[in-house]
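Asks: Next come the chains, spelled out residue by residue.
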Amino acid sequence: MTISTLTRGGAQREQQHCLRKMERVIIAMQDPDIGLKMRNQRLLITVIPHAMTGNDIMEWLIQKYNITDEEAGHLGGLLVQYGYIYPLKEPRSLILRSDDSPYRFQTPYFWTSSRWPASELDYAIYLAKKNIRKQGELVDYEKQNYNLLHKRINHTWDFVVMQAREQIRASKQRRKADRIVLECQEQAYWLVNKPCPGAFDVFDLGPERCNVLNSRVILNSSLLFFLLRISSVPNNSLSSHFLLSLSCVCSFMKFCDQYHQHDPIMSGCLPSNPWISDDTTHWTINTDLVGTPTRLRVERWSFSFMELLNDCLGRREFMTYLEKEFSGENLCFWEACEDLRHGESSKIILKVEEVYKTFLSPGAARWVNIDSKTMERTLEGIKQPHRFVMDDAQMHIYFLMKKDSYPRYLKSDLYKNMLSKAIVPQETKKSVFPFMRRQRHSSPSPAMVSQATEDNEPKYL
Amino acid sequence: MPLIINKVCDDGTTSSPITMEEGKALIESLIKVVACYRHLASCVGGCTDNLHLRCELQQTRERAHKLAVACRHHLTARLRDKTLPPEERQEMERLWVAFTSSLELLHVDMCKVLNMGSNFSLVNTSALVKTGIQGETREVAARALSLADLNRAEDPVPGSLEDLEQGQLKEEIVRVDQMLEDMEEKVNVPRWMVEARGPQYADPASMDSTSLGLYSMDEEASVQHEQRCERSQVFVILALCGVILVAAVLSVCVIYFS
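Just so you know, the sequences run in chain order A and B.
Counting along the first sequence from 1, when you hit position 347 you're at 347 in UniProt numbering, and nothing is skipped either side.
Counting along the second sequence from 1, when you hit position 236 you're at 236 in UniProt numbering, and nothing is skipped either side.
In isolation and in its complexed conformation, chain A is listed as follows (with noise of 0.2 Å):
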């Protein structure tokens, strides 16, 4: 009935792995020996201790964990980037510079957390809090998103200014530095949680697929053979829920058949296994973009649409096809929708409008065929763009190129010449002598190592 942020009796939520591993880093920082030097910062007359320059961090990474210049800028950055060192002169810019630029560490309770998230509720009582201390202190994209908030969560408004008063009152009770690292540690959190509109955002996981991963069906043994030993019997009055997992065990039987000779552990890999034999031919013969593929790689792109593009081969294969077609745009209109969806945040606008340009445009130069209902939608989701916006459009012209293309595509003279000039290698020979082979030792798992040495160690002691 009411609705409640707080999750009830559900499991924890766990830290994110990361992000326990740069707390102790983080924690490693302090040590009063072996731990970073800190200077001093001077503000006109007040001085706050506990600052260090960029430069500090970056010797100081490389000496503890003997690293290169390039990997201390990366692993600072994302200290940096992560919200646990915040930078002291320009605080919107999350990058570390390796000079005299000043930084200075964030508190344990403004420290990116995957158990507790930032709320809106949170985010709504600081926009209010600055808003307060002085008018007009907001920048667009936090104006915007306070209109947002007050029009979601319009029902505690009351309770957010009212919270954000006090708040303020409470910091009043303290002096002026601790007040002025008090913001800072603040405006620090919420550039981290609540980035810029543009900005690199930490917490953007990049889109999801609804696809196979989510539909995989997962059987045990038992459940196959029970189900097998129900199909078997006829005039068998069957239920829906069998005949569904039924029709379920069939496909999964034949995607078995199927990939049975292309799957290296049930049928080797010619001519030899790498791991074993050390002879990388294997890998060599099967790197992306080699002449001649192998056989089975080209027998692989008729099994599904997908297992086609997927293949860098098979992709630049099918284009020469759809070229020949005059249906090249298709392709090209199919990648650069990918690209914009898995690609950076920032270059989204400029990517939406290059591919409307190019491609959907009136008299634009490679114009895609799509069908009006969907070119209306896209040309009015254009206006707002974000990542997902050509999405019916990039699935109205995959399955144009699935139905139409493809087929056709197999029984071309091109797969066909592929299929005949591909190469079988031959299997090498076993060594007769069976001490002559090298031995085989299972190396310990690096997961095992980790663990071991994580329980060895107390924690933050």
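It cannot be assumed that every hint is accurate.
As the list claims (entries may be wrong) - Subject to a maximum C-alpha distance of 27 Å in a straight line, what follows is the list of computed BS3-like cross-link-like pairs (lysine-lysine): (1) Lys172(A) with Lys82(B); (2) Lys176(A) with Lys24(B); (3) Lys324(A) with Lys347(A); (4) Lys66(B) with Lys130(A); (5) Lys130(B) with Lys66(B); (6) Lys143(A) with Lys347(A); (7) Lys89(A) with Lys24(B); (8) Lys416(A) with Lys429(A).
Claimed, not checked - Chain A stretches covered by chain B per the calculated footprint, using a threshold of three residues with CB under 8 Å from any CB of chain B: (9) 26-38; (10) 97-110; (11) 115-121; (12) 361-371; (13) 394-406.
To be clear, the hints were calculated from the coordinates, so they are not data collected in a lab.
Predicted model only: the values in this text are computed from it and were never measured.
Quick reminder that beta carbons are idealized off the backbone N, C-alpha and C, glycines included.
On the provided structure of chain A, position chain B as indicated by the hints.
Replies: The following block gives chain B in isolation, referenced to the frame of chain A:
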């Protein structure tokens, strides 16, 4: 179930009924205490984290709990009263939303403090994060408890206090959880239907006028503290100017007489 209903009704009628104004004051003090608790929680794990801070957190929590129980009785009694006029009911619903939101904030802060407290042990202070904070949080805690100043007890033994505190904290978190669940069961208030009364952009000038009489003492004290700081800064600047003037006069004399 009948037993529980009786209990709530009894509490409403046997004790002296709290007026609307008093109820509102209770909620406002709860909001103040939650804000102070959050302020104190942001110092845990930092270089100013010490036993005093943990004591202050505990005292603030207890005060918040007392206020929450009182608010809950008042609000549930009022909202279950069918004869309430509609404007009063709207007001009560607004207070209800404020109450549940403060409890949720308090719950999150308590969980965070529990987590950080267990990670940052006070026995080993070298692991505390150097955040740049220098001052004490005494005044904030005094504000939360509506006292002029905190009187510090003798320092208890670190280890025993921490274990005791963690255990108590877990219990209190469970209590707040239960309170939230009880409330949702007993009173049917659709939160999203409540309309806020205040303006979208709060007026910064009106900040001091909305504080209640209880805090006027604290406000004056803080204002005086600020004035004193500003005065000392002004003295320093004046002294510097005087020195510069004297140096200028001396140099003019030297040039003139040589």
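Asks: For every hint, state whether the structure bears it out.
Replies: Against the structure, the hints come out as follows:
Distance hint between Lys172(A) and Lys82(B) is unfulfilled; the C-alpha atoms sit about 43 Å from each other, more than 27 Å. As the CA atoms of Lys176(A) and Lys24(B) are separated by approximately 32 Å, the hinted pair breaks the 27 Å bound. At roughly 32 Å between alpha-carbon atoms, Lys324(A) and Lys347(A) are farther apart than 27 Å, so this suggested pair is violated. At most 27 Å may separate the alpha-carbon atoms for a hinted pair to count; Lys66(B) and Lys130(A) exceed this at roughly 31 Å.
Our distance criterion of 27 Å between C-alpha atoms is broken by Lys130(B) and Lys66(B), whose separation comes to about 34 Å. For the proposed pair Lys143(A) and Lys347(A), the alpha carbon gap of about 23 Å is at most 27 Å, so the pair holds. Restraint check: the Cα-Cα separation between Lys89(A) and Lys24(B) comes to about 43 Å, which exceeds 27 Å; the hinted pair is violated. This hinted pair does not check out: Lys416(A) and Lys429(A) have alpha carbons roughly 31 Å apart, beyond 27 Å.
Check result for the segment 26-38 of chain A against chain B: holds, 6 residues qualifying (beta carbon to beta carbon below 8 Å, three or more required). Using a Cβ-Cβ cut-off of 8 Å, 7 residues of the segment 97-110 of chain A lie near chain B, which meets the minimum of three, so the contact claim holds. Three residues within the 8 Å Cβ limit are the bar, and the segment 115-121 of chain A against chain B gives 4, so the coverage statement holds. Taking a C-beta to C-beta cut-off of 8 Å, the segment 361-371 of chain A contributes 0 residues in contact with chain B, too few for the three needed, and the coverage statement is violated.
Chain B is given as covering the segment 394-406 of chain A, and this is violated because 0 residues of the stretch bring a CB closer than 8 Å to a CB of that chain, at least three being needed.
Checked against the numbered hints above, the structure breaks hints 1, 2, 3, 4, 5, 7, 8, 12 and 13 and satisfies the rest.
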